[in-house]
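Since the structure of chain A is already known, use the hints to place chain B on it.
2 protein chains.
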Amino acid sequence: MKDHDTNIPALMATIGANAKAAAAEMAFASPDAKAKALSVAADAIWAGRESILSSNALDMEFGRSKGLSAAMMDRLELDDARIQSIVDGLRSIAAQEDPVGAVIDGWEMPSGLHIDRVRTPLGVIGVIYESRPNVTADAGALCLKAGNCVILRGGSESFHSATAIHACLLEGLHAAGLPEAAIQLVPTRDRAAVGEMLAMTGVIDVIVPRGGKGLVGRVQADARVPVFAHLEGICHIYIDKDADTEKARKVVMNAKTRRTGICGAAECLLIHKDIANGLGQQIVDDLIAAGVEVRAEGVTGSVPADASDWGKEYLDMIIAARVVEDQDAAHDHIRNFGSSHTEAILTENAKAAARFFNELDSAILMHNASTQFADGGEFGMGAEIGIATGKMHARGPVGAMQLTSYKYCVRGDGTVRS
Amino acid sequence: MKDHDTNIPALMATIGANAKAAAAEMAFASPDAKAKALSVAADAIWAGRESILSSNALDMEFGRSKGLSAAMMDRLELDDARIQSIVDGLRSIAAQEDPVGAVIDGWEMPSGLHIDRVRTPLGVIGVIYESRPNVTADAGALCLKAGNCVILRGGSESFHSATAIHACLLEGLHAAGLPEAAIQLVPTRDRAAVGEMLAMTGVIDVIVPRGGKGLVGRVQADARVPVFAHLEGICHIYIDKDADTEKARKVVMNAKTRRTGICGAAECLLIHKDIANGLGQQIVDDLIAAGVEVRAEGVTGSVPADASDWGKEYLDMIIAARVVEDQDAAHDHIRNFGSSHTEAILTENAKAAARFFNELDSAILMHNASTQFADGGEFGMGAEIGIATGKMHARGPVGAMQLTSYKYCVRGDGTVRS
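Chains A and B are the protein sequences, given in the same order.
Quick note on numbering: the first sequence equals residues 1 to 418 in this note's numbering.
Quick note on numbering: the second sequence equals residues 1 to 418 in this note's numbering.
There's no promise every hint is true.
[Stated by the list, open to error] To spell it out: a stretch of chain A is covered by chain B in this simulated footprint if at least three of its residues, at any positions, have a beta carbon under 8 angstroms from a beta carbon of chain B; those stretches are:
1) 114-125
2) 356-367
3) 388-401
[To be verified] Heads up, simulated BS3-like pairs for lysine-lysine below, C-alpha to C-alpha not over 25 angstroms straight-line:
4) K241/B x K273/B
5) K351/B x K247/B
6) K20/B x K312/A
7) K351/A x K273/A
8) K250/B x K351/B
9) K312/B x K20/A
Hints were generated in silico from the structure; no laboratory data involved.
The C-beta atom is built at its ideal place from N, Cα and C for all residues, glycine as well.
In isolation and in its complexed conformation, chain A is listed as follows (with noise of 0.2 angstroms):
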């Protein structure tokens, strides 16, 4: 979509330089200034609510106009108990510790120094994100916490809802005496926003995409700035032979079909060759009968698997499932196939477990557990930018703390180098 009356860049470098200057002051504003500005928005929110709901039966026709999917209109829309819940984020992520200034680490040098290192705000963040008005709020709130300045850029499709939102983002930043520029959304749909964004070195420190693979591919591939993304979640279940029965069919079960469409869902069993027509054609049994495809090597599925099934995200009622000679083999597959997102493994043998441990190199990896858990609220962080699949900065569930740099304090005597 493009709007003609708007010169782009020259609104993206407003915007960038409104950010910059910003930051420094935010930099150091006060834990109390930063947690009243969150619970004055979520006030703020809950009382605007009425509003925000008009805002969003506007997207909402707009939605349908554009012939959005299903899926899609399910995330745009908002209703009193989604706004709750965008109101309880808030008010948790005032709740939690500042994450500044805080001493990470601090040790004496026989040189008579002591140096410390301390908890600073990464700078401006840029997050670009599709329909889901809730990450106005969530986005802008974590980077706020953090003593960041943030550049929103949400969807066509959640504009007015957005828009609404970060009005009440900006009652709790007047409210704190914190300047307005700390978050700012871009006040237009044209599209040409966003590749301005993804250029904005020396401006914007890191980019948060928030998304559908083809928004997550477009900014890893053009960004000039850091990113923290996940392309794919495709996300592996070893069975090793050692495994409980119970626990067993339990975990596979919750980490196929409680939700199939977010990135924690499992998306590829991997099955011990030992227990193949025990254990592991009985939990294939089991997610047929709830109604998943199975896609099958080694046992019997619904249908056979192909090599296109092997590292496929599917986001929905189907898995594949692979019999394996042993650990290592399964080890094999998920480092060929998998996206580095999260991996679990069951097992009773602590010594399986370990070794899965140490020797993958995914952001999570779990024993014993679903894979639905890769999430930053079920980590403790209040909520989640986004989860990062990269091994620069922030892997993982991304909160405040990892949208955090450090800096080094050093106290000396009048103390000289020799």
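Same frame as chain A, now just chain B:
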């Protein structure tokens, strides 16, 4: 320099594939194996110093024929003492605690999950450097210690010295049973190899350039992979009105004159107006007496400063000096002209020092200490692969620990998400 016999893209693709394959193995190499590789390499370097010095003589001859500056020739030259210091560096890194596998943090969740954050290697590091042969050993050793594979691309001037040192590192890897591809040296002087490295996304996780502003600037501008670097070290010293006379005189003299060519050398003094005529002028006079050219505004220096002196990295016996209205003005000057490397405040006023630490955001902030302490060794890291002024992942001196990432290891007991 071009090498017409070599297909550089094919060569670099092979080196990259070897590094990726070895990285999976290195990631769970035992701490003992890594320490052994480093000790054996140290022994091999000391035992083989005659041969290393002969190789170095070839490089010196090449350097003379190319008309390298005296400073470059000095960096290039090896002697027994410098080889001893390379050996000491390897032994010190060998003796350090192994960072990989350490549990950084751990907590329980109400769901029953136990979550550990565990340190892991980054993967594959690319190091692009100029004439210092010791970088081959330091960078190779730090990457190895952190369980990474490294691709070293030394300057054409130090080609023979680097090759000889690299051979000793390979001896260490062999003795410890570790893959040779853990430390690869690009075996050509062809500059096209650098361009290839900068574009090896998917293979190289981070590039560390070591050298002058020309090299670092080119890498920062052209790299498609993340970079740990500092372009300049424009270090400021703010002499507060409450500075102690003797400490201030001693620290400024050390920060400017101990070594002028390093990135931690002071380049600009900011002097509170209340002490401009007293301590400020005295320090300027000290510096002039020591042979430093002081380009001054508000005090009497060697010559008047002009606008081009703010934010200038002299790397020489030259310093800028400016009288400021108050601490806020000093902070503003540093924000406008600093390079986020290292700044110091000299004061006996704890409140002023706390403000300096809170409100500025350089990688290193010092109180009553010389900026020349900006160094991995002086921070207790044994050695450093460089100093980073960016805020992503690593900041300040980059040692083995900064060359790691983390993963989450999560333990349940058949735990499912509701």
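Structure-based check of all given hints:
1. For the segment 114-125 of chain A, the stated coverage by chain B is satisfied: 5 residues place a CB nearer than 8 angstroms to a CB of that chain, which reaches the threshold of 3.
2. With 10 residues carrying a beta carbon less than 8 angstroms from a beta carbon of chain B, the segment 356-367 of chain A meets the three-residue requirement, and the given coverage holds.
3. Counting residues of the segment 388-401 of chain A whose CB lies closer than 8 angstroms to any CB of chain B gives 5, so the stated coverage by that chain holds, three being the minimum.
4. Restraint check: the Cα-Cα separation between K241/B and K273/B comes to about 8 angstroms, which is no more than 25 angstroms; the hinted pair holds.
5. Taking the CA atoms of K351/B and K247/B, the gap is near 18 angstroms; set against the 25 angstroms cutoff, the hint holds.
6. Distance check on the hinted pair: K20/B and K312/A sit about 22 angstroms apart at the alpha-carbon level, within 25 angstroms; holds.
7. Between K351/A and K273/A, the direct Cα distance comes to roughly 18 angstroms. Compliance with the 25 angstroms bound is thereby established for this hinted pair.
8. Of the supplied pair hints, the one linking K250/B and K351/B holds, its CA atoms being roughly 22 angstroms apart against a limit of 25 angstroms.
9. Under the criterion of a C-alpha separation no larger than 25 angstroms, the hint pairing K312/B with K20/A is consistent with the structure, at around 23 angstroms.
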